[in-house]
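According to our numbering, the sequence shown is numbered sequentially starting from 1.
It is worth saying that the hints were derived from the structure and are not from the lab. Hints are supplied without guarantee of correctness; some may be wrong.
[What the hints assert, rightly or not] Under the rule of at most 20 Å between Cα atoms (straight-line distance), these lysine to aspartate or glutamate pairs were calculated in the EDC-like manner: (1) 111 with 512; (2) 111 with 95; (3) 111 with 14; (4) 111 with 54; (5) 111 with 160; (6) 111 with 179.
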Amino acid sequence: MDGSRIAQVRVTRDRTVHFGSGYRVTTGTVLTCAHVLADASAIDVLLDPGGPDERSVPARVPWRDDANDVAVLALDADASPLPGLAPCEYGRLPEQHAVLAVTAAGYPRWKRRDESGTVYRDLHVAAGQVDTLANRRSGRLEITVPPPLESPDPAISPWEGMSGAAVLAEDRVVGVVIEHHRAESARRLTAVRIERALHAAGARRAELAALLGLPDAADPPAIPPAAAADSLGDIAQEFAALVQAQLTQELERLQVYRPYPLPVQWQPESGGDIRATYRRTPSGRLVILGEPGSGKSVLALRLAQALLEQRRPADPVPVVFALRTWNPRTTDRRQWLAATLAEQYPALAAQSRWHHSVARELVNRDRVLPILDGLDEMAPDLRAAAAARLPDTGPVIVTSTPAAYRDAVHTAGPPSRTTEITVTGVAATELAHYLSSAGPGPWAPVVERLTGPEPAAAAVRDALHTPLAIALAREIYRIRDPAQLFTTAAAGGAAAVQRHLLNVFIPAVYAEPLHGAQLHMRRTSRPWHAGDDEDTAHIRRQVQTLARLAGHRRSRGAIAWWLLVATVPRRFRALVTGAVYGFAALTAALLAAQVYTWTGGDAGALHTGWPAAALTAMAAAIGAAQAARDTAVPAPVHTRLRIRGRVLRTLGMFILAALFTKTLLFPVKLAALATGHTDLLAVTVVLSWGIGIAFASTFVLRGLIEVPLDLRAVPSPPASLAASRRSLLLTAAIVLVSTGLGIGGILILAFHQARFGLMVAAFAAPIRLAVAVMSTAYGRFCLVTRPYFALTGRLPWRLLDFLDDALCRGVLRQSGPVHLFRNERLRQAALDDPILPRQHSRGQESHATR
């Protein structure tokens with residue numbers, strides 16, 4: 001790619017400057033996209049931005065194709081002399097299937113910089129891949145690229161401003177970037193193929209070809225097949241380059257190489273070179289053990305990067321996989337690896353000539369070295385299953401805490417031919433050297449004291465013996481004076497220093513938006529970073545609430561979404577349940593009256609006012625009283641058809657439910673018999689059978705398809721929530737169908753009066769549905785737990801998204817379907833956090849609560 005051709009397009013619209021990218025295809029023309037130029041009152045092109053020949057040149061629009069979002073700008077040579085430039089070369093993708101390496105250079109929003117009051121956007125060169133056959137009909141290119149390192153404004157795409165960047169393959173222009181679909185993750189950009197624009201030009205094709213500098217109006221030549229990665233070896237080679245670029249970005253975000261990799265030690269051997277340690281492993285099977293915060297995950301990233309730097313063509317590509325996303329009970333290991341690769345690198349999801357996805361072929365041919373990170377983050381019952389399903393042969397790398405790994409292999413048996421190393425932290429001699437190499441900043445005078453004999457220095461050294469503590473200290477004291485550590489150590493020793501770091505940890509991690517891989521580990525796009533001190537105080541209160549919830553007697557240290565209802569005050573639970581029951585009763589009365597009117601009844605003959613109000617009040621009172629007495633917490637469930645061993649049980653449930661509902665109406669039958677109201681007696685008998693069948697069928701069907709969720713085998717909290725939601729939807733369908741057929745259907749068949757049967761069914765359905773919803777964990781979570789914490793400001797409405805965000809920031813960790821604090825000391829620090837009073841915070845209006 002010729003750097004002198006890359007340009008930035010600046011469009012004035014409504015007195016505001018908007019940015020895009022462009023590519024000089026001839027001396028006087030720039031290729032860009034059309035939507036950047038919409039409603040422009042002025043257009044300027046910045047040539048050679050940041051270079052010695054930087055200049056701004058006015059431009060006009062001689063060609064614009066809004067349908068394909070392509071435009072060509074003509075530079076005003078009279079305003080500024082332009083250096084000569086040969087026309088660029090063009091190409092089109094080959095017709096056979098291949099994964100092709102491409103590049104696109106532009107000025108995206110996430111490269112916005114502010115230096116000494118000067119705001120500008122720096123150049124970014126995105127190296128990615130396209131599938132040559134994908135999206136041929138639409139004329140689009142789906143480019144898989146490494147995600148941005150940062151997102152300055154989560155409400156706006158970080159790729160804003162990249163539109164108009166030329167897409168090059170083999171130094172030939174093959175397309176133009178036109179948009180970023182945020183729903184498809186930050187790893188994907190959409191471009192339009194250059195031949196698509198030529199075909200759409202129609203009779204003006206020669207005019208467009210002249211503006212682009214094409215020698216004739218014919219289609220550009222196809223990229224030679226040899227240049228495309230149509231063999232598995234070529235695909236692996238290009239995939240390795242992509243993974244290496246992403247690892248470099250992630251390690252830069254973590255500041256691992258600033259100033260140099262932290263020299264953590266490990267046993268039984270530690271020469272400071274993790275690649276050499278791995279190479280000495282005969283089987284290529286390594287287990288990295290370490291306590292939380294010891295640096296084992298970063299060590300695994302460094303190992304992957306080191307292996308890629310010296311990778312030979314036949315070597316597998318090391319890729320880090322989060323073990324917490326795998327359920328070994330339901331998903332084969334190779335299937336999970338391939339699915340994860342296809343999700344993270346969409347180009348690998350394309351069908352290949354091997355009759356399945358490229359990702360699956362890479363896994364099947366052992367062209368991927370799996371680095372399985374976080375065995376301890378899996379559900380306890382899944383750890384042993386995962387250990388048992390590790391390959392008996394072939395290279396693999398696993399990270400875990402020692403206790404979790406020992407428990408897993410104790411049940412599943414130790415994996416064969418595996419080497420174990422245990423990360424022990426940072427030596428005291430390395431600590432001072434590492435901090436001093438950060439530069440002549442605030443750490444310089446501290447390092448001198450750190451190597452001294454004073455007791456405070458020894459306490460600080462003891463406190464900063466793990467990579468986590470060191471990273472926290474460097475993050476916290478980037479601007480402030482770290483000499484405060486000695487003051488803290490003098491007052492309370494190493495324990496006081498560690499407490500201090502834990503206390504300021506929350507404000508530090510929420511000070512900025514998520515970046516890099518952590519941003520794309522998150523399942524939501526909602527931001528929770530703090531914009532100012534008031535936002536910080538609000539987030540600290542929310543994290544403190546999580547700390548209290550984790551310490552609840554039923555929680556046992558875990559934050560489980562279905563247990564949170566037990567922490568809601570009983571009065572609020574009674575109020576909500578009463579409101580739900582009352583609303584259901586009111587809806588039932590109004591719906592029955594509406595059915596009566598729809599079926600031709602006289603609306604004037606109905607008196608729904610006072611009866612409906614009385615029924616609503618009675619139902620609300622019943623619901624409130626039930627919730628006030630109810631101390632049980634329903635567990636999550638999921639749907640699974642199981643007949644074996646349940647036939648007799650469900651048959652018994654059917655008989656008991658039918659008898660119970662018939663018994664409820666027995667006094668009404670006696671009263672009708674005693675007073676001689678034979679019509680009422682007939683209706684009561686038929687209605688008792690209808691209600692009995694409806695309730696009994698509901699119990700039977702739920703008993704056959706609804707089973708308690710095995711919490712030890714659930715891969716994540718969202719998975720357990722989704723399973724419970726699906727079960728509730730199925731339960732609601734069963735309730736509605738059984739009510740319509742069991743109650744309404746029987747009444748219609750018995751009395752041949754559709755109106756009466758439909759009215760009774762319409763009346764019963766909302767009430768039965770409300771009872772069913774409030775008896776489930778998902779229903780109580782949505783109607784009781786979330787409203788209570790959101791209304792009181794203790795937690796945001798999008799509670800699971802907030803927990804997931806905290807997981808990505810390192811505040812929480814995951815163990816199957818529950819969240820836990822990273823460690824107990826961090827939870828206690830959050831619990832003891834002296835936060836500003838609530839009245840000094842903006843509460844729900846805070847940016848941090850969005």
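Here is how each hint holds up against the structure:
1. 111 with 512: 16 Å, holds
2. 111 with 95: 35 Å, violated
3. 111 with 14: Violated, at roughly 24 Å.
4. 111 with 54: It holds: about 18 Å lies between the C-alpha atoms, which stays within 20 Å.
5. 111 with 160: With a Cα-Cα distance of about 10 Å, the restraint between residue 111 and residue 160 holds, given a limit of 20 Å.
6. 111 with 179: Distance of about 17 Å is within 20 Å: holds.
In summary, the numbered hints that this structure violates are 2 and 3.
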